[in-house]
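A.B. asks: With the hints in hand, could you dock these two chains into one complex?
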Amino acid sequence: MQQLLTFTIIGLSTGAIYAVVASGLVVTYTTSGIFNLAHGATGMLAAFTYWQLRFDWDVPAPIALFLTLFVLCPLFGALTERVVMRGLQGTTEVVRLSVTVALFAFMIGLANWVWPSDSSREAFLKFFEGNSVSIAGINVSWHRIITFGCAILVAIVLRLLLFRTRMGVAMRAVVDDRNLTELNGGRPDRVSMFAWALSATLAGLAGILLAGEQQLNIEPLVLLVINAYAAAIIGRLKNLPLTFLGAAVLGLLDSYYLAYSDESWFPQSAFGFSLAGIRAAIPTIVLFIALLTRPQSRLRAGIVRFREETRVPEWSTSILGAVSLVAVVVAISGMLTRSNTLLLLNGFTMAIVALSLVPLTGYAGQMSLAPLTFAGLGAIAMAKLPGDGNIATFVLAVVIVAVAGGIVALPALRLSGIYLALSTAAFAVLVTKLIFNQKQTFQSGNIAVPILKIPFVEIDSPRGRLILTATAFSLLGLLVVAVRRSRLGRRLIALKDSPAAAATLGMNLTRTKVAAFALSAGIGACAGALAGDKVSPQQYDFTQSLPVVLLAVVGGVGTVGGALFGGLLLGGNSVLASVVPSLKNVSKILPGTIGITLGRNPSGAATQTAEAFRVLKGRWNLLAVVGAGAFVIWALTAADVLSHWTFVVTGVVWFLAVAPNLPLVVDSSSARRATAVVYLAAGLVITAAIDWSTALDVTGQRLIAIVILVAVIGLGAQRIMESGPRVRADSPDVIGLDRDFSGEEIEHAERELRVVIR
Amino acid sequence: MSLLYVDRVMVRFGGVTAVDGVNLLARAGEVTGLIGPNGAGKTTLFNVISGMQEPTGGSVSLDSVDITDLPAHKRAQRGMARTFQRLELFGSLSVRDNIKVAAELAALTNVNAIVDEMIERVGITDIADRPAGDLPTGSARLVEIARALATRPKLLLLDEPASGLDESESERLGDLLRTLAATGLGVLLVEHDMGLVMKVCDVIYVLDLGQIIAHGTPNEIQHDPKVLEAYLGAS
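Going line by line, the protein sequences match chains A and B. Residues 1 to 758 in this note's numbering are what the first sequence lists, from first letter to last. Residues 1 to 235 in this note's numbering are what the second sequence lists, from first letter to last.
The following block holds chain B by itself, in its conformation from the complex (with noise of 0.2 Å):
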C-alpha cells in the first residue's frame, strides 16, 4: 500500500525542466531513499511534494488521495511533514517553541508531554532552551526533524538531514529513522552521504537530469551501471 505516490511530475523553468516526468512511490514503514547528483533536481521535487511548488504536470497523492491542488499547509494536517535543505528554524524562538509550535499546530493533546518526547527523541535535551538561532548546523538540523516529528506526521521528508552532522551524529541519525520507520512511519530521505542512504533505506530512486534513471534495493542500486554513470561520469 503506497502512502506517497508521485505520478508523472514535471517542473519547468522558462526552458529549464528540473524535473522531468517523475514516478515515485514510498511506503508507510519503509525508508525510502531519493539520491543523484548536485542539481538533478530531488529539492524541487521536494518542493513540489510538500506544496511550496507548483508542479507543470503530473501529479502527487497522499494516501491514495490526489493532493496537487492542496496548499502547503493543508498537506502538512494531512500527515506531511518536510526539514529543509538550508534550515529553517524559527530563529527567535527557543528549541522548545520551535518544536511547542508544531506539535500545537497538529491540534494535539497534552502539546508539553510530545515537545518533551521529541526532545529526548532526538537527543537536543542539553540545547532544549537555547535560541535556535544561535545553534551550530549539527544541533540544528536535530531540532528540525524533532520539529517535524511533533506534528505526529504518516510521511516524513528530510531534505539532506546528515550535512552538517559528524560521524556518530551521523550514525544516531540512522538508528533514529530505523526506530521512525519500525513505527509505521514512511520518510523519504534524500541524503549524500551514501554510507547513510545504503545502510537505512529500504528502497533506493535515482534522480539525474530531472530523471529517475533507476530504483531498488541498496544493493541493486550500488552495481547499476547507469547509476555509476551519472555519478562517475564513465560508462
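Chain A on its own, in the form it takes in the complex (with noise of 0.2 Å):
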C-alpha cells in the first residue's frame, strides 16, 4: 500500500509534466493548424539555456528562470512563427509537417553543437536539491511539489486566459474560423504568433522541470513530445481538460510499471519476446491506442489543395537517367577512397528509402514518420530467413515486409492526415522498442545482413556494393515510373488530389491506401536488405527516419530525381562532417536549415532544377552546343591540360550554371545579352584556370566550392538577364502564351493602353 501510494505521486508528478508540454502542443495545433514534432525539442533547448544561466553562469534561479521562460522562450516562439510558420498557411499537411520535423533536426544539431555531451559538467540539480517533506509517511521532494503545482498553475492560467481575456476569445475565434476572424478585424497572424510564444514557455517549463528529475540528456527531452502526443490526442488536440487527464493517466502508467515489472506474477516475455522493452513502449502504445478510437475520417469535399508536379515521367528519359546513374557510379567508383565509397553507399541506401516515400506521401499524399522501420525490417527478415542471401531470399525478405507493412497499415487507415503520420510514428517507436532492441534479433548489438548473391558476379567489395545499390536504386526507380504511368499510379494520384472524388467515382480508398502502404514498404525493406554488411538497430531508429522524411520531401518526394537528390544530400551531409572537421558542426545542422525554407518550395529542388533543364528540350543548336562544351573540357582534361579535380568542377559549372542559361542569353534582345555571355564565360575560364586538386585539399571543401561557384555563376548570370517583368509560366493570366512578352511588345501594349507596365 506504502509502495502504491509512492508510485502514484511518482507517476502524477511525471503525468503533471507531461500535461504542461501537451497543453502548448494543443494551443499551437488549435491556432495554427500545425502540428508542432518540435515542441519537445523547443523545451531541451529551453533546459539547456536555463542550465547555462542557472548552473554555468551562476546566474540566481529566479532571473534564470524569468530570463528562460518569460524572455528568451516567447522571444524564440514568436520567432518561429514569424520566420517560420507563417508561411506555411495553403500547404500541404505533409509540407506543413516536414517544416516541423525539420526544426526538430535543426534544434538537436544546435544543441549538441552547443552543447556537446560532456560527462564533467556541474549536474542540473532540482529545485531546492535535496529538500523533501513528508506526506503520510513517504518522502516527497520539493521539485516534485513545485511539478505538480506547476501543471495546477498552468491549468488555471490556461482557463483563464481563454475564456476571460480578450487575447483568449482572439484565439478562440482564430480556432472557429481563422477568415472570418480576419474579416471581423481580428488579427490571427498576431494571435498565432502568441500562441507560439505562449507553447515555446510551456515547453520550456516541462524541459526545465524534467531535466531536474533525470538530467541534461537530449534524447528523453526530445522524445518527452511523445508523451505529450499521446495525452493531446487523447484530448482530441483540443479539449484540455481531456488533455490533462491522458497526461495523469501516463505518468500513472509509467510509475505503476516501474512499481511492479520486477514482481514475479509479471509476465517478462510473450512469444519468445523479452517486454524488457515495453517500459518506454508505454506512451506510444497508448498514443496508438488513442489514435485508433478516433472516429473514422469522414470524406470531404471542398478541402483546398495545393498543386505540385504534375508532369508525368516519360520512359524515355527515365530509362536514360537510369542507365547513366549506373555508368556513372561505375566510372567514378574506382577512383573514391573507401571511406568516400562507403560514405556515397550509405546516401544510395538512403536514396532508396527516401525513393520508397515517392508513391506513399508524393503520389498518394500519404504521410510516413516510419520509412527506414520498413528499412530495418528488411534487414531483419533477410538475415534471418534460410539461403544465406541469395535471391530468393531476398525476394521473400521484400514481400513479407510489404505485406507487414500493408498490414500494418490497415488499423490506421481510417484516419488521415497528422493522425496519419502520427499512428506511423507510433508504430515506428513500437518497432524500435519492442523488436530493434531485442537482444534475440541483435546479438551482440548486431545484426549480420548477408550481402545479395547474384549468379556469375562476386560481389565482395565495398565497391561492388556500391554498383549494387546503385542498379538496384536505378530500378527501383524505373519501377516507381511504371506505377506512376500505370492506372495504380493515377489512382495514387486522384486519392491525393480528392479523395472524395475517387470514392464517388467507385474508388476504395482503403484497398489504395494499403497498396500504397505496401508498395512503399517494400521499397524500403530493399535498402535493409542489400545493407549487406553488419547493422546496428539505432540505424533504422525513429529519430533517424525523421531526416530521411525531410530529405525526401526537399528533394522533392514528388519524383524519383527528388529521392534521389534527398538521399545523396543525406549522405553527402556526413561526407561534409567526415572531411573538413571544422564544419562538422554546420552539417548537424544543415537538414534542419533546408528544411525550414521547404515552405518557399513545396515541389522540392530536383524539380526545380529539372525545370531548369526544361528549356533546353528540343533546341538541337543549343544541346550541341552543350555537348561540345563537354567534349573540349574531357578533352582538355584527357590532354592533362586540366587536373581531375578541375575536370568534375568545370563540368558541374558547364552542366548546372552555364547550360540552363544558355535559351536565356539566346533569347534575349537587351543589351545585357553581351553582360551575361562575358559573365558566363569568365565565370568558366576562372573555373578552369584553377587547378582544384591543389588549390584545395579536402574532398569536402571542393564539394563546397562547387555549390558557391554554381550559384554564383548560374545565378548571377540569371540575375544579369532578369530585366524585363516576368510571368510564372503556370499562373492563369498566361495560358494560352507559349512565351514571354519581348521588350517591344511590352513597349507596344504600353502605348496602347498608356499605361506603364514596368
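Be aware that one or more of the hints could be misleading.
[Claimed, not checked] Restraint ranges, calculated between C-beta atoms of paired labels, are given here:
#1 126/B <-> 179/A: 29 to 37 Å
#2 453/A <-> 117/B: 32 to 40 Å
#3 239/A <-> 8/B: 29 to 37 Å
#4 319/A <-> 113/B: 26 to 34 Å
#5 39/B <-> 63/A: 31 to 39 Å
#6 153/A <-> 21/B: 15 to 23 Å
#7 319/A <-> 8/B: 56 to 64 Å
#8 59/B <-> 179/A: 53 to 61 Å
#9 743/A <-> 164/B: 56 to 64 Å
Read the hints as simulated data drawn from the structure, not as lab findings. Please read all numbers here as calculations on a predicted model, not as lab measurements. Positions of the beta carbon are idealized from the N, C-alpha and C atoms, including for glycine.
C.D. replies: See the structure below:
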C-alpha cells in the first residue's frame, strides 16, 4: 500500500510534466493548424539554456528562470511563427509536418553543437535539491511538489486566459474560423504569434522540470513530445481538461510499471520476445490506442489543395537517367577512397529509403514517419531467413515486409492527415523498442545482413556493393516510374487530389492506401535487405527516420530524382562532417536549415533543377553547344591540361550553371546579353584555370566550392538577364501564351493602353 | 419504375436539422430537378445520396436495393456518379487522365475509346491534355461531368453544373442533359439557373429549410404559391 501511494505520487508528478507539454501542443495546433513535432525539442533547448544560465554562469535561479521562460522562450516561439510557420498557410499537411521535422532536426543539431555531451559539466539540480516533505509517511521532494503546482497553475492560467481575456477570445475565434476573424478586424497572425510564444514557454517549463528529474540528456527531453502527443490526442487535440487527464494516466502507467514490473507475477516475455522494452513503449501504445479509437475520418469535399509536380515521367528520359546513373557510379567508384565509397553507398541506401516515400507520400499524399522502420525489418528478414542472401531470400524478405506494411497500415487507415502521420510515428517507436532493441534480433547489438548473391557476379568489395545499390536504386526508380504511368499511379494521385471524388467514382480508398503502404514498405525493405554488412539497430531508429523524410520532401517527394537528391544530400551531409572537421557542427544543423526553407519551394529542389533544364528541350543547336563544351572539357583533361578535380568542377559548372542559361542568353534581345555572356565565360574560364586538386586539399571543401561556384555563376547570370517583367508560366493569366512578352511588345502594349507596366 | 428512391431522410448536425424527412424519387430517362434557396439542404441531401454523409434517419434505395449502409465507392460501383459544387478535379492529372481514372474504376474494357467518346461528348477536345488544376471554372465543370459519365452510371447527380458557365455553354449543357436522359440515364440536378432547370427538367422538387415544399412539372412549380413564398419571401 505504501508502495502504491509512493508510485502514485511519482506518477502524478510525471503526468504533470506531460500535461504542461501537451497543453502547449494543443495551443499551437488549435490556433495555427500546425502540429509541432519540434515541441519537445523546444523544451530541450530551454532546459539547456536554463542550465547554462543557472549552473554554468551561476545566475540566481529566479533571474535565470525569468530570462528563460518569459524572455527567451516567448521570443523564440514568436520568431518561429513569424519566420517559419507563417509562410505555411495553404500548403499541404506533408509540407507543414516536414517543416516541423526540420525544426526538430535543427534544434537537436544546435544543442549537439553548443552543448556537446560532456560528463564533467555541472549537474542540473532539482529545485531546492535535497529538500523534501513527508506526506502520509512518504518523502516527497520539493521538486515534485513544485512540478505538480506548476501543472495546476498552468491549467488555471490557461483556463483564465482562454475564457476571461480578450486575447483568449481572439484565440478561440481564430480556432473557429481564421478568415472570418480577419474579416471582423481580428489579427490572426498576431494571435498565432502569441500562441507560439505561449507554447514555447510551456515547453520550456516542462523541459526544465524534467531535466531536474532526469538530468540534461537530449533524447529523453526531445522524445518527451511523444508522451505529450498521446495526452494531446486523448484530448482530441482540442480539449484541455481531457488532455490533462490523459497526461495523468500516462504518468501513472509509467510509474506503476516501474513499481511492479519486477514482481514475479508480471509477465517478462511473450511469444519468445522479452518485454523489457515495454516501459519505453507505454506512451506509444497509449498513443496508438488513442489514435485508433478516433472516429473514422469522414469524406469531405472542398478542401483546398496545393498543386505540386504534375508531369508524368517519360519512359525515354527515365531509362536514360537510370542507365547513366549506373554508368556514372561505375565510372567514378574506381577513383573513390574506401571511406568515400562507403559514404556514397550510404547515400544510395538513403536514396532508396527516400524513394519508398515517392509513391506513398508524393503520389498518394499519405505521410509516413517510419520509412526506415521498414528498411530495418527488411534487414532483419534478410538476415534471419534461410538461404544466406540468395535472390529468393531477398525476394521473400521484401514480400514479407511489404505484406507486413500493408497489414500494419490497415488499422491506421481510418485516419488521415496528421493522425495517420502520428500513428506511423507510433508504429516506428513501437518497432524500435520492441523488436530492434531485442537481444534475440540483434545479438551483441548487431545483425549481420548477408550480401545479395547474384549468379555469376561476386560482390565482396565496398565498390561492388556501391554499384549494386546504385543499380538497385535505378531499377526501383524505374519501377516507381512504371507505377506512376499505370492505373495504380493514376489512382494514387486521384486519392491525393480528391478523396471525395475518388470515392464517389467507385474507388475503394482503403484498398488503394494499403497498396501504397505495401509498395512503400517493400521498396524500403530493399534498402535494408541490401545492407550487406553488420548493421546496428540504432540505424533504423524513429529519430533517424525523420531526416530521411525531411530530405525526401526537400529533394521533392513527388519524383524519383527528388528521392535521389534527398538521399545523396543525406549521404553528402555526412561526407561534409567526416572530411571537414571544422564544418562538422555546421553540417549538424544543415538538414534542418534546408528543410525550414521548404515552405517557399514545396515541390522540392530536384523539380526545380529539372525545370531549369526543360528550357533546353528540343533546341538541338543549343544541345549541340552543350555537348561540344563537354567534349572540350573532357579533351582538355585527356590532354592533361586540366587536373581531375578541375575536370569535375568545370564539368559541373558547365552543366549546372552555364547550360540552363544558354536559351536565356540566346533569346534575350537586350543589351544585357553581352554582359551575361562575358560573365558566364569569365566564370567558366576562371573555374577551369584553377587547379582544384591542389588549391583545396579535402573533398568536402571542393564540394562546397562547387556549390558556391554554381550558385554564383548560374544565378548571377540569371540576375543579369532578368530585366524584363517575368510571368510564371503556370499562372492562369498567361494560359495560351507560349512565351514571355518581348521588350517591344511590352512597349507597344504600354503605348496602346497608356500605362506603364515596368 | 423508380431509379432512386429517397425515403424520409433526416440529417441533424448538433441542434440543426439540415434535412428533415425528405422523400424524393428519380426515374431513369428523366431529368429530376432539385431547387431551393441557399442553405435549404440540397448539398447535404446530395451527400447523403452519394454516401458521403450518414443520415440520422431514413433510407436511400437505388434500383429498389437499399443502399443506405453502403460506402460511397460501393454506391458508385452500383451505377451512381456525382459532380461537386466546389470542384473536385484531380488537379495534378491531365484532363484525359481524370476521365481515364473514372473509366478504369468502373472496370470497363476499351478504356481509351470511352475516354475519347466522353471528351468529344462534352466538347473538351481542345483542353484534353492540359493539367486539370489549371482550368477555368466553366471548363472544369464540363470535365467533372465527363469524368462522372465515364463510369457509365445509371444515375448522375449534378451539383450546380451550370454555375461558372456562360450562356451558350449553359445552353449546350441543357442539350447534353436532354440527350443523356434520352439514352435512359437518370439525372438528378441541383441548380440555381432557373432558365436551365425549367427547360430541361421533367420533374422538379423544391427544398426549403430541409423539407420538400413542392414537387411537380416545371409548369406546376412556377405557379405554386409556396414556392414563390420560399423564394421571394412574400405570400
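A.B. asks: Work down the list of hints and note, for each, if the structure agrees.
C.D. replies: Do the hints match the structure? See the list:
no.: 1; hint: 126/B <-> 179/A: 29 to 37 Å; in the structure: holds, 36 Å
no.: 2; hint: 453/A <-> 117/B: 32 to 40 Å; in the structure: violated, 52 Å
no.: 3; hint: 239/A <-> 8/B: 29 to 37 Å; in the structure: holds, 35 Å
no.: 4; hint: 319/A <-> 113/B: 26 to 34 Å; in the structure: holds, 29 Å
no.: 5; hint: 39/B <-> 63/A: 31 to 39 Å; in the structure: violated, 58 Å
no.: 6; hint: 153/A <-> 21/B: 15 to 23 Å; in the structure: violated, 52 Å
no.: 7; hint: 319/A <-> 8/B: 56 to 64 Å; in the structure: holds, 60 Å
no.: 8; hint: 59/B <-> 179/A: 53 to 61 Å; in the structure: violated, 37 Å
no.: 9; hint: 743/A <-> 164/B: 56 to 64 Å; in the structure: violated, 36 Å
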